Amino acid sequence: MSLSGELLPAGLLVLLAAACLLDRRLYRACLSFIAFALVMALAWWRLAAPWLALAEALLGALLTGMALLHGLGRAGSPSPLPPHDHHRRPRHQAAARWLAVLVWLALAGAAVWGVSGSGGLIAPGDGARRPLLAAGLAIMGLGLWAFAHHLHLLRRLLAFNVLGSGVFLLLAGLAGPVVEVQGLILVGLVVALVGSVLGSALLRRLHERDGRVTLGDEPEAGP
Amino acid sequence: MSAPLASPPATEAALLWLVLLVPPLLGLLAWRFPPRRMLPVLLAGLPLPLATLWLLPRVAGGAVLEGSWAPGGLQLHWRLDGLAGLLLLLTQLLLLASAAYAVGHRRATELAERAFAGFWPLLGGLAAALGVIWVAADLLTLYAALELMGLTAVGMMLLPGKPEALAAGLRYLLYALVGSLAWLLGVALLLGATGRLDLAGLAADAEAGPVTGIAMALLAAGLLLKAAVFPLHGWLAPVHASAWTQVSALHGALVVKASFFILMQLWQRLVPEAQAAAWLLGALGSLAVLWGGLQAWRASRLKQVVAWSTVGQLGYLMLAFPLLAGTSAAVASLAWQATWLQLAGHALAKAAMFMAAGNLVLSVGQSRLADLAGTSRQLPLSLMTFGLAAVTLMGLPPSAGFTAKWLLLQAAILAGQWPWVIVLVAGTLLTAAYVFRVFRCAFVEEAPRHDFRPLPAGMDLIALLLALAALALGLGAEWPLALLREGGLP
Chain U
1 MSLSGELLPA GLLVLLAAAC LLDRRLYRAC LSFIAFALVM ALAWWRLAAP WLALAEALLG
61 ALLTGMALLH GLGRAGSPSP LPPHDHHRRP RHQAAARWLA VLVWLALAGA AVWGVSGSGG
121 LIAPGDGARR PLLAAGLAIM GLGLWAFAHH LHLLRRLLAF NVLGSGVFLL LAGLAGPVVE
181 VQGLILVGLV VALVGSVLGS ALLRRLHERD GRVTLGDEPE AGP
Chain W
1 MSAPLASPPA TEAALLWLVL LVPPLLGLLA WRFPPRRMLP VLLAGLPLPL ATLWLLPRVA
61 GGAVLEGSWA PGGLQLHWRL DGLAGLLLLL TQLLLLASAA YAVGHRRATE LAERAFAGFW
121 PLLGGLAAAL GVIWVAADLL TLYAALELMG LTAVGMMLLP GKPEALAAGL RYLLYALVGS
181 LAWLLGVALL LGATGRLDLA GLAADAEAGP VTGIAMALLA AGLLLKAAVF PLHGWLAPVH
241 ASAWTQVSAL HGALVVKASF FILMQLWQRL VPEAQAAAWL LGALGSLAVL WGGLQAWRAS
301 RLKQVVAWST VGQLGYLMLA FPLLAGTSAA VASLAWQATW LQLAGHALAK AAMFMAAGNL
361 VLSVGQSRLA DLAGTSRQLP LSLMTFGLAA VTLMGLPPSA GFTAKWLLLQ AAILAGQWPW
421 VIVLVAGTLL TAAYVFRVFR CAFVEEAPRH DFRPLPAGMD LIALLLALAA LALGLGAEWP
481 LALLREGGLP
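Here the protein sequences line up with chains U and W, keeping their order.
The first sequence begins at 1 in the UniProt record's numbering and counts up one residue at a time.
The second sequence begins at 1 in the UniProt record's numbering and counts up one residue at a time.
Only chain U is shown next, with the shape it has when bound in the complex (with noise of 0.2 angstroms):
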């Protein structure tokens, strides 16, 4: 596999990343996770790993995608959310948050350096596996962004798969398609699955009861 032939799939995930992040019409910014998802299967075909690839377009694509659907109130049920988020977080809250989402990032970052810059990265053709590190730096970023910025429920659930999805990624171009890889981002999909599915019936069931879609009040600041 090329450089150039790695650029493409990574470009297009970051790309995809931010529609499904910075979208304000929730339907669409579910359409553009999902195609996001498909493309991370098609990134782990690359990698020469297609049961990953198999459970990535199944768990995650297809599953999660149906489970944050339902969330939203289009797969076929009554009483959906309303389809823009218009809640905005307050001024005072956003320092902390940058700085949490700051620190992770440039603690990820110069691990990242350290690892592959150390001529640690294990099997060859590691340059191949650039475009997937610096991939998954950017799509960890937007993810931590989101997930800390925003506060409708169904965008932070978005964003926390796709804040799992930029770690998977970098899991994959650190270490290497090898089995642990696979069994690690496996069970991460899992976990993001049910996480996915448990979110999206609790906010619905929210939304029924008192018609809210955030959390309210916020005692904490960010990860």
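Hints are not guaranteed to be accurate.
Incomplete in silico selection of chain W near chain U, CB under 10 angstroms [unchecked claim]:
hint : residue
1    : Phe33
2    : Leu185
3    : Ala217
Since the hints were made in silico from the structure, they are not lab data.
Since the structure is predicted, the reported quantities are computational estimates derived from the model, not experimental observations.
Idealized CB from N, CA, C, for every residue including glycine.
Based on the hints, put chain W in the right spot on chain U.
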């Protein structure tokens, strides 16, 4: 690299895995046929701690049972040492108590049949997850078990189905999920730097340097979030407010401790000498002791008092990090024993306290402290149980809390780390303050007459037995301490 190991005796290994995997099956059975009486639950669960008791002498004196298995090319490792054995026994006893209490709770209140049935498979899953966490020796198994534990715990918190429970549960879910991503990123860095996941290999291969440090920081951040250590404790108190008593008891006693256990295991293997970071954790623990105590003292509802007290008591555990980092062998040994004794004593006492508080709230029908007026006459047994549990939390003799804090105090003085001495004293005073506040409310005599709802005798008995076990652990501390002295410190 460790030398190739003789495979453990087949009987012991088989029994251990049986002990770990039977609870989910029992849980599924109870889901299909929800139990109505306490006796069948106790009879079904009792073989598990007995089997663990049979295993314990085999890991005494520093002996270790360990092995590995390889599903699909993955190399997964497990090991059972004295510490893991003790924690397994503690877990099984508390799960049994919680299960029996759940049956009584079901009889005392009107619960939705479906929610009550749903409790059992979640309990089985939680049991398996906790058991696997104590014996897992590689990061992949730990990750899977940690996630299973988190998700089953969230599920159990959601069972009451009230709007407050839903919102608190959703917040807990979001924080737990992000915590596990921080953990996964840390694992990714370690795997990228060393190419392995087993704890023994990581301890040997990981070089002290920025990458290991950052990986450990990310792992620690995820685990501290899950363990509700100050300042990441915000989700804890709301989640307990509307949860069922037996779920709160398990959560406060075991679930938050499991994250601490993993953190300690990793810390001792990856960065045992990092003194500045260890002091930072100790400082966070100290703040937790003070802040948790203050909030417990200010709380207006009984369950909130107990939940905030968990935040405070977890802080004592964090003091182990500075006392273990670069100190003399004598100090490290004292701190090591003190930490696990504190964990065990607090687990028993906190479960007892949550159950006693739950009994009080259920009988009175109100959850505010002011509504406890008159309970000293009407519900002396529940109140006494609360008091006995508080003896352990305050660290009065002869409880496990006293022995643990005494050992911690000795370690801190011996190491010359004076700040922790002040924290220990201040924490004890704060604990006394919030416990006596509860008693002051309970001993008010001129109160409007409540109708006190009678509860099944078993519910009070279970709580009392747990509180007495916390006291007995202080009197008979020599047996667990002997197991800890020789096994565990990696």
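Status of each hint after checking the structure:
For Phe33(W), the shortest C-beta to C-beta distance to chain U is roughly 26 angstroms, which exceeds 10 angstroms, and the interface hint is violated. Evaluation of the Leu185(W) hint against chain U yields a held restraint, the C-beta minimum of about 5 angstroms falling below 10 angstroms. Using the Cβ-Cβ criterion of 10 angstroms, the hint placing Ala217(W) at the interface with chain U is satisfied: the shortest such distance is roughly 6 angstroms.
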